[in-house]
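Visitor: Chain by chain, the residues:
Number of protein chains: 2
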Amino acid sequence: MTFLEAQMRDIGQRARAAATALALADPAQRTTALRAMAQHLRATSAAILAANAADVARAKEKALAESFIDRLALTQQRLEAVAAGVETIAALPDPVGAVMAEWTPPNGLTIQRVRTPIGVIGMIFESRPNVAADAGALALRAGNAIILRGGSDSADSVAAIVAALRVALLSAGLSEDAIQAAPTADRAAVGMMLAGLDGAVDVIVPRGGKTLVARVQEEARVPVFAHLEGVCHTYIHTGADRAKAVAITVNAKMRRVSVCGATETLLIDRAIAAAVLPEIVAALKAQGCTLRGDDEARGIVAMETATDEDWRTEYLAPILAVRVVSDLEEAMAHIATYGSQHTDCIVTEDETTAGRFLREVDSAIVLHNASTQFADGGEFGFGGEIGIATGRLHARGPVGAEQLTTFKYVVRGSGQIRPG
Amino acid sequence: MTFLEAQMRDIGQRARAAATALALADPAQRTTALRAMAQHLRATSAAILAANAADVARAKEKALAESFIDRLALTQQRLEAVAAGVETIAALPDPVGAVMAEWTPPNGLTIQRVRTPIGVIGMIFESRPNVAADAGALALRAGNAIILRGGSDSADSVAAIVAALRVALLSAGLSEDAIQAAPTADRAAVGMMLAGLDGAVDVIVPRGGKTLVARVQEEARVPVFAHLEGVCHTYIHTGADRAKAVAITVNAKMRRVSVCGATETLLIDRAIAAAVLPEIVAALKAQGCTLRGDDEARGIVAMETATDEDWRTEYLAPILAVRVVSDLEEAMAHIATYGSQHTDCIVTEDETTAGRFLREVDSAIVLHNASTQFADGGEFGFGGEIGIATGRLHARGPVGAEQLTTFKYVVRGSGQIRPG
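Those protein sequence lines, which keep their order, are chains B and D.
Residue numbering for the first sequence follows full-length UniProt numbering, beginning at 1 and increasing consecutively.
Residue numbering for the second sequence follows full-length UniProt numbering, beginning at 1 and increasing consecutively.
Calculated directly from the structure, the hints in this document are not laboratory data.
You may find that some hints are simply not true.
What the hints assert, rightly or not - Facing chain D, from chain B, some residues (calculated, C-beta under 7 Å):
#: 1; residue: A84
#: 2; residue: R255
#: 3; residue: S258
#: 4; residue: G397
#: 5; residue: V411
Glycine included, every Cβ here is placed at the ideal spot set by N, Cα and C.
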């Protein structure tokens, strides 16, 4: 066993023990710990920002991309937003112990389906150090232990944040091992987490670029909550309100181009394309968006040529692919062929058509007359999210505290034995 | 590509297409198809029984174990029970499209969590041909397509049952490819299903012995709903009612010794062991049960010696391990160490102690004053089960139609765009 293997195994065993202890602790302690986390993040903000400044300085020395450094850098304001986010999570109802359903079959037993923590979450993320606080708080809200493995470039920032969170756990009488940072120097640690640390990890949540998520989905031997990419669509139906169509498309693409819920392809019905597309394109271009269209779209307004590859691309950039379709059927067929089952929207005033789209499009989130950028745990009222999942089992869409629970059946009898 | 690979790939593609079509079909068609299935199973019972007789004859020629042949053999009566089971499933409420939750966050969107089918189930089972009908019906109730891969020894029986089910699908206007039997001659077909058939399989459900389930859990590259074993406990607390303790223990062990919910280890508090154990042992011995106890149990009543290995063993036989414990803590520690997180019971009249057991024992099913043999989808009111799961994600405990669904978020707006 290498030193790293021994170290990771120890982290796994500590996490499992902490998860077991957490499940038995007074639920109020978790709320107390969450409030203390927000407080300690604020109280140690100078130390956290100093650690972050060191990370940023090293990243600049290594001439890492500006977008990377932007994601890495913390400011007093960003840190305050992180602390406020933890407070929001502290104020969420405690999901653990909630009775999800209760019934009595003919045998007279009382059966309850009761929420319980999943156990140990393995979080693998890249540059953003705030993920450590968000994920740590959500995991704790649901009674889980978490192992955080960030990138080596944010190691000092994550260590400083995790230190604040662990002090808060201790101050609430909980084991500090409920939140641990895994070493970042050796990438082999990721492989060990994906193998499950000898059964110590129940689920892996990756947050980062497509390369990271693809590796996790390929190698993980434990379940994964993730989305590989968000090739999201906005479909403008013949029955769309023109003003809504323009406003929703521009917001869905341009509000933030780097989020997974950003629209990447606009589908528009032939019958209204000539009337609406020029206005949409003008509004997008005014915000610096490049357009790539099929022949028909380019016949209506000048834009670059879209290839088949464009329909499959998550740009995460101010680029929008545009395709003119005959009708709802063709729009849904396009989404089924090229989409990533993440988030897709129809704009129309026709309720029947909207109903078919919402029912038949097989994505984690389907929207009617609202921007795809609402694909977010905060906007869903989850108080935050550890990620968005496009898998079909357990967690789908934004993954908040409730999605980090499982359940058990609690059955009460009065001496029943089973006949025959 | 081998012929088998091409054949399995074709089965996967047909299943995926059938699942997509099923999701869009009129929900009433599935109920019609389920009723027709029961009818066709009855109408073709002569053919099914003849096919089964051929399987049984071959199994006898091969001198397979009598217990195996018993599981394989169908009778008119057993087949009628299968048809009646399918009718029960037809009468279940349709889970697909059910609104599980609905809320409106501050952004004014209406968000619904709506049940949808998982997609394609891969069922891998051994000798019991009735599994084909049970699993096919449950999968269809939840809007899923299913690929059934039984053992080669039951191939003719399964083929005859699947033929009846497929005729029923067609008669209801649904694709017969929603239920397909995979070839049984080559075991490589199982490996292909475990690899997911190029993304065509969403979840694997194995039904069979520990060797099969272990292989599936080890090799599967898609999620698995399964339990490796049921090392179930009945714990008799000091505060137990003596008559309930005897009746529950005897039923939990002896009603059917071969089911996964059968109790394998009896834990009994020291304070009442001398008073209650002799009666329990006498009642068990009268039914032909062998007992293996720790030193303390053997000091109270004569029995074989239990070793550490006994605590870990799922006997599936008329053998019961017995251990005397000090208290609830020691009983729960034993269950945490040796149990399989399947089903565990406490017998006591003390509500506080029962409450702690129900909360703290981390098993899929925890019972108070009722036999562990109630661990069954039918007894839970699920109308049947495709299996029992001890995994922590998505499905836990009995897996019925509802557990074979997933969900999506349906979001309705009135033109909302997301600020900032």
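Visitor: For the restraint on B:R255, tell me whether the closest CB of chain D is nearer than 7 Å.
Guide: Holds: closest Cβ of chain D sits about 6 Å from B:R255, inside 7 Å.
Visitor: Taking the least C-beta to C-beta distance, is B:G397 closer than 7 Å to chain D?
Guide: B:G397 check passes; min Cβ-Cβ to chain D is 5 Å, inside 7 Å.
Visitor: Would the hint on B:S258 stand, with a C-beta cut-off of 7 Å toward chain D?
Guide: Hint violated; B:S258 Cβ to chain D Cβ min 14 Å, cut 7 Å.
Visitor: Closer than 7 Å between Cβ atoms is the bar; does B:V411 clear it against chain D? Give me holds or violated.
Guide: Check passed: Cβ of B:V411 comes within 4 Å of chain D, closer than 7 Å.
Visitor: Would the hint on B:A84 be counted as holding, given a Cβ-Cβ threshold of 7 Å to chain D?
Guide: The hint is violated - B:A84 has no Cβ within 7 Å of chain D, the shortest such distance being about 15 Å.
Hints 1 and 3 from the list above are not met by this structure, while the remaining hints are.
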